[in-house]
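S.K.: These are the residues of each chain, in order.
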Amino acid sequence: MAIENRVPHLCLQGVTKRYGGITALNNVDLAVHKGRIHALLGENGAGKSTLIKVVSGVVPRDSGRITLNDREIAFSTPRAANEAGVVCVFQELSLMPHLSVAENISIARPPRRYGLIDTKAQIRLAESLLARIGCADIDPRSRVGELSLSRRQMVEIAKALGKEPELLILDEATSALTHRDVELFFEVLHGLRAQNLSILYVSHRMHEIEILADRLSVFRNGSHVASFDRGEHDEAEIVEMMIGREITTQYPTKPAPKTVPPFLEVSGLSWGNGALRDLSFTAGKGEIVGLGGLDGQGQTQLLLALFGVLKGVTGSVRIGAQAAGINSPQEAKNARDRIAMIPEDRKTEGLMLAMSVADNLISTSLDRVCRGPFISEEKARDTVNEAIRRLRIKIGDPSDPAWTLSGGNQQKVVIAKWLMIEPEIILLNDPTRGIDVGTKQEIYQLLRALADAGATVVMYSSDYDELIGCCDRVEVMYDGRIVATLSGESLTEQALVSHALNLGNGVARSKEMEST
Amino acid sequence: MRITVAKWNSADRPVYIASAFVVLILAVGTIYTLVAQGTATLLSPSYLMQQLQIGSFLGVVAAGMMIVILIGHIDLSVPWTLTTAAMLATAVGGPWAILLGLSLGAVVGLVNGVGVAYLRLPSMIFTLAVNAVLQGSMVAMTGGTSPQSQATELMRFLGAGTLMGIPVALLVWTLVSVCVSTVLTRTPFGRSLYIVGNSEAAAYLSGIPNKRVIVVSFILCGLLTALAGLMLAGYSAKAYQGMGDLYALPAIAAVVIGGANILGGSGKYRGTVAGVLVVVFLNSVLSIMQMSEAIRQIVYGFVILTMLLVYRRKA
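Each protein sequence line maps, in turn, to chains D and V.
Using this note's numbering, you'd call the opening residue of the first sequence number 1 and step up by one each time.
Using this note's numbering, you'd call the opening residue of the second sequence number 1001 and step up by one each time.
Just so you know, these hints were derived from the structure itself, not from any lab.
Hints should not be assumed to be uniformly reliable.
[Claimed, not checked] Below, computed lysine to any residue pairings styled on SDA-like, alpha-carbon distance capped at 20 Å: (1) V:K1211 to D:E349; (2) D:K394 to D:S406; (3) D:K311 to V:S1103; (4) D:K311 to V:K1211.
[Unchecked claim] Label-pair restraints from in silico Cβ distances: (5) V:R1120 to D:R113: 36 to 46 Å; (6) V:V1178 to D:G315: 43 to 53 Å; (7) D:V225 to V:F1302: 33 to 43 Å; (8) D:A108 to V:L1249: 29 to 39 Å; (9) D:N221 to V:I1031: 49 to 59 Å.
[As the list claims (entries may be wrong)] Some but not every residue of chain V turned toward chain D, in silico, with C-beta under 7 Å: (10) S1199; (11) A1201; (12) L1205; (13) G1265.
For glycine and all other residues, C-beta sits at the position ideal for the given N, C-alpha and C.
My request is simple: use the sequences and hints to build the entire structure.
M.R.: Here is the structure:
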């Protein structure tokens, strides 16, 4: 191809990075060209994040050569990288929740006037950047902490654009975006590509990569496996390259649709000024019920209400034909029919990152590992080993702190600690966000196995594919209400999307008519 | 637990450093006394016992403070909780003195705990306010002078008595240490303290009764502080104004020198014991060297900062 003859914008030759005894990047070669979107693919731990950190000056490389515009570079700080036009949007949101959107966007270099921060210029800058990414509806004066996760991520992108990048690096930047924001975001990226920026893009969402990327590079175990243009390999081949083994079905097969008696019955549930409005649905033993819809339509609140976190919930929740009456997670955990919840944010709500994996795993079942008033070392060890074995958690030692694990293994720890109480009802809030394909599949299989063993599973997911592949039935939410119940044949991406936008089936059908 | 043994060394590093520092302080002090007086006063058993006896009061306060620090809070009501318990106990006297003193500690702890856990007020502000209220109440009660009432026999025994040559105060501190250490390492409540201190949100969503853990922690801290007050009143034979003033910050310093994270979530009880010894022996060596109070304060502050810097390098 002609493009390969041009000098690449960013070029890596034989780059190696080791952390202690672990080789995170092994002799990696990579070329990124201007005006192209270059996707990095690979499981968690494949080396993508390390590569990004090496390029953007977060960590130094051990050996090898990196050139930008044919000049060798070695950034010592992210700021130095920014000044050379290399800007990175990291997976972990870097915004300060108590500062305003405008303050966050220009946090590194606020516009000044007479040596003081010029707040008016700061707001104008934020307005123009937000308008550029189609988010003019975000008020630059509002606090970041008041925005939804999806909107926060858009602010993060605006902040990156404010640094006027030539090479924009996006690490899982869409993991929290709603469908609507993802589309906006794609338009922004296409616009930037047209302005001759080079974009390095990491995502676990295969569909996005197929739509977006011009060129793809696959990594596995710290090594570069292959680079190729879009369309040269199909999805199955790419997945195979990433995991090094063939995966036959992405989702476990669903049982034939059957009617099961309701076990969890929710009727007329409302909370807080319309955040939840008159919700009614049921879930039976052995069913996986999905919650669909755009992000922030009340799915999180519904799960929190069922788990006893929210105060002032009206309506009725019945479990096994008895009023549930659960007022706290502690009551949910100890109820006759035990309830578990895997929360939205594993780093702050799911785990004690600084504590050991073992301590995390027994945190829900402290009373179960006791003999008399004291914790039994033997029971605790058995519980921990059982959890690690059951979810195949990859760890060095149970006494390692939880933050040392990869995202996928961290999520496994969160799920495992809840399975230790043998819950009858399992609530999950977007459990596969930002984790690798292999772990995702393990989680799908686990959920199906739990359902087959008689558990009731209620899961919110921001990934429509997952809802379709995993759930027996999906309740689509819009503005605090359930607007549609989809199952069997009617559970399609088209139906999910149109109901999520509260367009009803009519629109979906008329679109289908148009396209035929 | 066996599975934590693998990380024994890194978690115990502050304990080793603090212990080594105690040895260093004693060595420096001994060299000084050998040169200046020709005797190794510091190493005589009677001197060591006396220092440990004085250190026991701080040790008991620090044990309570550590519990509160582990959950990510702080108790600044210590000075006047200690004083109030001592004053009330000596004022009422008789067989109820100790029970009344301990009850006062528990009630103050309950108030602190409810304020922090249920009213969601920052512990630093709330406990400081409680300290001020207690101080005002005691000044009003005593008219600002030291009360004339005497400590009871039992209080005198706890604070100043000896049993087979060992100060009873030291035995009390040892007993408190065994109990607190067992609670921290072997009970669900102890484990909950670390979990709450690490992430209150994660603890709550794991079904840990957060608020109860916080309230109980403050009650334990109040109880131990009151106990120290009773012992100290026994040691001095009476309660006096400002007797608790020298306990809040040194107790916090001892906990932090022992390696506990001031923001909560990590720390070993052994470390706190070592931290108490550092504070106690540092004070006694500085006074033996006849440094002025001003110099002592400077050295004391400097040592705490240095030790914190040494720990930081690990992280």
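S.K.: Decide, hint by hint, whether the structure agrees.
M.R.: Hint check:
In summary, the hint linking K1211 of chain V to E349 of chain D is supported, as the alpha carbons are separated by about 17 Å, within the 20 Å threshold. Taking the CA atoms of K394 of chain D and S406 of chain D, the gap is near 9 Å; set against the 20 Å cutoff, the hint holds. With a C-alpha separation of about 34 Å, the suggested pairing of K311 of chain D with S1103 of chain V is violated against the 20 Å cut-off. Restraint check for K311 of chain D and K1211 of chain V: satisfied, since their Cα atoms lie roughly 16 Å apart, inside the 20 Å limit.
One distance hint, 36 to 46 Å for the beta-carbon pair R1120 of chain V and R113 of chain D, holds here, with the actual separation near 39 Å. The hinted window of 43 to 53 Å between V1178 of chain V and G315 of chain D holds, with their beta carbons roughly 51 Å apart. Under the hint 33 to 43 Å, the C-beta atoms of V225 of chain D and F1302 of chain V, about 56 Å apart, miss the expected range. Look at A108 of chain D against L1249 of chain V: about 38 Å separates their beta carbons, and that is inside 29 to 39 Å.
In this structure, N221 of chain D and I1031 of chain V meet the distance hint of 49 to 59 Å, their C-beta atoms being roughly 58 Å apart. Using the Cβ-Cβ criterion of 7 Å, the hint placing S1199 of chain V at the interface with chain D is satisfied: the shortest such distance is roughly 5 Å. The closest approach between the C-beta of A1201 of chain V and any C-beta of chain D is roughly 5 Å, which is under the 7 Å cut-off, so the hint is satisfied. A least Cβ separation of about 5 Å between L1205 of chain V and chain D falls short of the 7 Å threshold, and the interface hint therefore holds.
Taking 7 Å as the C-beta cut-off, the interface hint given for G1265 of chain V holds, the closest approach to chain D being about 6 Å.
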